[in-house]
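Chemist: So the sequence lines, in the order shown, correspond to chains A and B. Counting in the working numbering, the final residue of the first sequence is number 354, and the numbers go up one at a time with none missing. Counting in the working numbering, the final residue of the second sequence is number 837, and the numbers go up one at a time with none missing.
In short, the hints are calculated from the structure, not lab data. You may find that some hints are simply not true.
To be verified - Derived coverage of chain A by chain B (criterion: at least 3 residues anywhere in the stretch with Cβ under 8 Å from a Cβ of chain B; other residues may be distant):
1) 145-151
2) 232-243
3) 246-255
4) 346-353
Ideal Cβ positions, reconstructed from N, Cα and C, are used throughout, including at glycine.
Read off the chains here:
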Amino acid sequence: MNPMDIVLGFIGIALSVMIFSYLLGDNFFFRVALYILVGVSAGYGAAVLLLKVIIPRLIEPLKESGTDAFWLGLVPLALCLLLALMLVPRTVRAGTLPLSFLVGAAAAVGIAGISRGTLAPQLLAVVNRFSPELLLENSAADWGGIVEAFFILFGVISVLFYFHHRLSRKGAGTQRPLLVEGISDVGQVFLGISFGMLFVGFYSAALTALIARIVWLKDFILALLAG
Amino acid sequence: MIQCPHCGKDNLPQATRCVHCGKDLDNLFKIEGAEADAGLPEEPEISVSDLLRTFRQEEDSQAEEHRPAVSSGPSAVFASREDTPRAETPQEEEQAPEWLIRIRKRAMQEEDAAGELSRKFNSLEASRSQEHQGRVDEEFANWIARIRENARRENLQAAKSAQAGSESEGGVPEWLRRVRELQPEGLEENQAVQEEPEEPRAEEPEQEKELPAEAEQEQAQEAESVVESGPEEAIETAEPAPDAEGAGEPPLSGHETGAETPPAEEPTESPKTPEIKPVIEELGLASEVSALDLEERPASSETLSADLLLLRKQKESAQILMNLIGEEGKGLPPAKTPREGSRGWYRFILGAFLLLVLIAVIVFVPQARPATYENPTPAVALKDALNALKNGDKVLVVQEYQAAASAEMEQVSAPVLRALEERGIALQFLTTHPNGLWLSANLMNAAEIPARETAYLAGGRLGVLTAALLADESSAMLPEGLESLENYQLILLLEDSQADIQNWIEQAGPWLGAGKLGVLASSQNAALLLPYYDAGQLAGYTAGALEGRVLAAALGQTASTGMPLRAYQAGLLVMIAVLLLGIIIKAEADSNARHQKEPEG
Numbered sequence: 128m129n130p131m132d133i134v135l136g137f138i139g140i141a142l143s144v145m146i147f148s149y150l151l152g153d154n155f156f157f158r159v160a161l162y163i164l165v166g167v168s169a170g171y172g173a174a175v176l177l178l179k180v181i182i183p184r185l186i187e188p189l190k191e192s193g194t195d196a197f198w199l200g201l202v203p204l205a206l207c208l209l210l211a212l213m214l215v216p217r218t219v220r221a222g223t224l225p226l227s228f229l230v231g232a233a234a235a236v237g238i239a240g241i242s243r244g245t246l247a248p249q250l251l252a253v254v255n256r257f258s259p260e261l262l263l264e265n266s267a268a269d270w271g272g273i274v275e276a277f278f279i280l281f282g283v284i285s286v287l288f289y290f291h292h293r294l295s296r297k298g299a300g301t302q303r304p305l306l307v308e309g310i311s312d313v314g315q316v317f318l319g320i321s322f323g324m325l326f327v328g329f330y331s332a333a334l335t336a337l338i339a340r341i342v343w344l345k346d347f348i349l350a351l352l353a354g
Numbered sequence: 237m238i239q240c241p242h243c244g245k246d247n248l249p250q251a252t253r254c255v256h257c258g259k260d261l262d263n264l265f266k267i268e269g270a271e272a273d274a275g276l277p278e279e280p281e282i283s284v285s286d287l288l289r290t291f292r293q294e295e296d297s298q299a300e301e302h303r304p305a306v307s308s309g310p311s312a313v314f315a316s317r318e319d320t321p322r323a324e325t326p327q328e329e330e331q332a333p334e335w336l337i338r339i340r341k342r343a344m345q346e347e348d349a350a351g352e353l354s355r356k357f358n359s360l361e362a363s364r365s366q367e368h369q370g371r372v373d374e375e376f377a378n379w380i381a382r383i384r385e386n387a388r389r390e391n392l393q394a395a396k397s398a399q400a401g402s403e404s405e406g407g408v409p410e411w412l413r414r415v416r417e418l419q420p421e422g423l424e425e426n427q428a429v430q431e432e433p434e435e436p437r438a439e440e441p442e443q444e445k446e447l448p449a450e451a452e453q454e455q456a457q458e459a460e461s462v463v464e465s466g467p468e469e470a471i472e473t474a475e476p477a478p479d480a481e482g483a484g485e486p487p488l489s490g491h492e493t494g495a496e497t498p499p500a501e502e503p504t505e506s507p508k509t510p511e512i513k514p515v516i517e518e519l520g521l522a523s524e525v526s527a528l529d530l531e532e533r534p535a536s537s538e539t540l541s542a543d544l545l546l547l548r549k550q551k552e553s554a555q556i557l558m559n560l561i562g563e564e565g566k567g568l569p570p571a572k573t574p575r576e577g578s579r580g581w582y583r584f585i586l587g588a589f590l591l592l593v594l595i596a597v598i599v600f601v602p603q604a605r606p607a608t609y610e611n612p613t614p615a616v617a618l619k620d621a622l623n624a625l626k627n628g629d630k631v632l633v634v635q636e637y638q639a640a641a642s643a644e645m646e647q648v649s650a651p652v653l654r655a656l657e658e659r660g661i662a663l664q665f666l667t668t669h670p671n672g673l674w675l676s677a678n679l680m681n682a683a684e685i686p687a688r689e690t691a692y693l694a695g696g697r698l699g700v701l702t703a704a705l706l707a708d709e710s711s712a713m714l715p716e717g718l719e720s721l722e723n724y725q726l727i728l729l730l731e732d733s734q735a736d737i738q739n740w741i742e743q744a745g746p747w748l749g750a751g752k753l754g755v756l757a758s759s760q761n762a763a764l765l766l767p768y769y770d771a772g773q774l775a776g777y778t779a780g781a782l783e784g785r786v787l788a789a790a791l792g793q794t795a796s797t798g799m800p801l802r803a804y805q806a807g808l809l810v811m812i813a814v815l816l817l818g819i820i821i822k823a824e825a826d827s828n829a830r831h832q833k834e835p836e837g
C-alpha cells in the first residue's frame, strides 16, 4: 500500500466510526461527518456544473457574437441575471420570473410524464390482463391467469377505495356502508404489503452498504497487518 | 292654537316646541284668557332658595301672628299674597294681571262659601303641617342634594364618554380621573401637600391657582406617586381629618397628621421595578402598573372603590408586559425535545448487536457457495435482451446511483458491463448526477473495462425529456458525444432511486418505444419496477445483489465477491428478530395500557 492509500484509509475509518457514533445519539462527531459529506458533495457539484454546464452552454456561445448560438445564449444569460438579483433584498422580486418559468415548466412536464408514462400504461396493463389471448391457453381457460387478473383488479379497486374512504372520512365523518368498509380494509392490507416490501428493499440496500463497508475495513486492516 | 314666532305655523296651546320647525315655544306658553296681559312685566322667577326662604318666612310669620296657614308649598306664596290683600298698594293691584285678579276674586268667593267649616279644616291642616314641617324640610333638602349629586355625576360621565378611546386627556390617565371623581377635594388638597410639603399652608391656594394648564401632567404624575405611596394615605388624605375640618384648615397628609401609615417617601416597590419603570413609562403603561400596585395592597381592597377594581384586565396586561420585559435579552428557552431516555440505549444495543453479528460472520464464518437461484422473470427478460445485442450495437449506460449504494450497484452492474464489453458492444456512459462522474469511473474500474468519458446531462427531468425528443445530434442541448436516444439499442439504467427511474420511464420511455429500457437497480426498488415491467414499459430488470449474482452467472460472468452472503443472511435474520421482538413488546405495552384503562373506566 502506498502512503496515500494508508492516509485515505485512516480517514475513511475515522469517518465511518463518526457515522457509527449515531448509535449513541445525535452527537458532535456524527454532525461533523455529515457536514463534511454535504460540503464536499456541494462543492463537487458546483464545480461540475461550472465546467459541464455554465462554461460550455452559457459562456462559450456568447463568445461567438452574431451567431444563432449567441442570440440564444442571451436568453439564459438574462434569466441568470434576474436570478442573481435575488441576492439583493430590494430586487428579490426580479427573480420570480426565472423561478416561475422553471417551476411551471417542471410541473407541466411532470404531470404530462406521469399521465403518459405511469397512469395510462398501468391502467391499460390492468385492463389487458383480461385480454382473451392471455386468459386462453391452447383454447382452454388459463385459470391461473384469470385469478391473477381479478386479484390485480381487486387490489387496484380496494386501494382506491381505501384512499377515497380515508379522504371522505376526514371530510364528513359519516359512516360508510359495511361493504365499502370491508373493501377499504382489504385495500389497507394491499398497501401494508407494498410498504413492507419497500421497507425490506430499503433495509436490504442499507445492509448491503453496511456489509460492504465492514468488508472494506477488514481488508484494509488485513492489508496493513500484512504490510 | 298658537303661532310659532319662528316659522309662523300653528301649534297646540300646550306645545312647548314647534312641531314644524322644532324650535322652543316655552315663551309662548300661555294660560287661556291671559293673552291680554302678554305685554305686562312677568313675575320674577322663583328659585329653590327663594322658595325655601319663603317657607321659613311663612313659618315665622305664622308663629308671630298665630294665623292659620292656608297651605304649604308653592301655592303658599300665592295664598299668603291672597291672605294679605290689604298690604298691597293700589298700584300693585293695578299692575296685577287680569287672570290673577280673577283668581283672587274666585278664592274670596269660595272662602266666603266655605264659611266656618272651611276655616276649621284649614286650621287643623295647618297644625298638622306644622308638626311635620321639619321632616318635610329635611326630605326636601335631601332630595335637592340627590338631584345635585346626580347631575354632577352625569356631567362627569358625559365628559368621560366624550374622552372614550383615548387613554388619557391632557396626560391625565383614566384611573386618575376616576380617583378624582371619587375623592376630588381630598386628592387636590393632597396634591398641593405633596407639591409643597414645606411651604406655609396659606400659600397653597395661591399656588393652586397659579398652576398653569400644562402642569396638569405634572399633577397627574404626582398623584401617581401619592397612590403608589399607599392607597391608605390617599384615602385618608381624601377624607379630611375631623380636627382639621373643625378648624377650617386644609387636611393634612397621613404622616403630617401623625397617622400610623408609612411615610410617602418610603420605597414600597420591588427591587426590579426601578429597572422596568422607565420602559413602562416610555410605553405609556404607567397607569396600568400604578393600578397594579394599587390593587396589590391587601389593606386597600376594603377601602378602595369598586371602580378601581375594574382595572383587573389592565393589571393582567401590565403583568404580561412586565414578564416579557423581564425576559428580554435572556434568549429563548430550550426547545422541548423529547427525551430519548432508555430508548437511546435500546437503539445503541440493537445497533451494536447487529454490528457485532455482521463482523463475527464476516470474520469467522467461511464464505458460502453461491446457491443456484432461479432468476425471476424480469431478470430473465433482461438477460434475453442483453443476449439479443449484437456486435457493434450501441448501449447507453445511465449511471445515477449515489456513493452509498455503490457497493451493491457495482456488484450488480460490473459483470453485465464486462459481458457486454467482451461481446464488442459499444458502451457509452451518461449521468445526470454530478457524483456519477467519478462513480462511473469506479464502476469501469470494477468492471475491468477501458475507461471512457462520462457525459453529463443537466436539467434532471427536463434534460431527460430534451434528450429523448431531440433527434439532432449536433444540438447544443445534448452533451458532447451523446447521440440521439433512438440510436441506442438499449438504455441500461443503473439506479438506486425511485424518482430517477420514474424520470426515465415517464419522460423518455413513451418516446423510445417498448423494450428499450433495461434496469439494474438496488434491492429497494424491486417493488416499484415490477408494475412497469408488467405493463411492458421495461425490457427487464434486476434488483439487488442476489439477483445480480444469478444474472452474472447467466451471462457467463463470475459474480463479485464483495458481499458475503452469510453476512447478508445474518443481517436479515437479525432484522427479522428485531421486528418480532418489537411486535411482541408493542403488543404487551398495548395490553398493559388496556388493563390500566379498564379499572378507571
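Chemist: All hints, please: hold or fail.
Modeler: Verification of the hints:
Coverage of the segment 145-151 of chain A by chain B holds. Counting CB-CB distances below 8 Å, 3 residues qualify, and the rule asks for three or more. With 7 residues having a beta carbon nearer than 8 Å to a beta carbon of chain B, the segment 232-243 of chain A meets the requirement of three or more and the stated coverage holds. Check on the segment 246-255 of chain A: 4 of its residues sit with their Cβ under 8 Å from a Cβ of chain B, so the three-residue criterion for coverage holds. Figure legend: the segment 346-353 of chain A, annotated as covered by chain B; annotation inconsistent (0 residues with Cβ-Cβ distances under 8 Å, at least 3 required).
Checked against the numbered hints given earlier, the structure breaks only hint 4 and satisfies all the rest.
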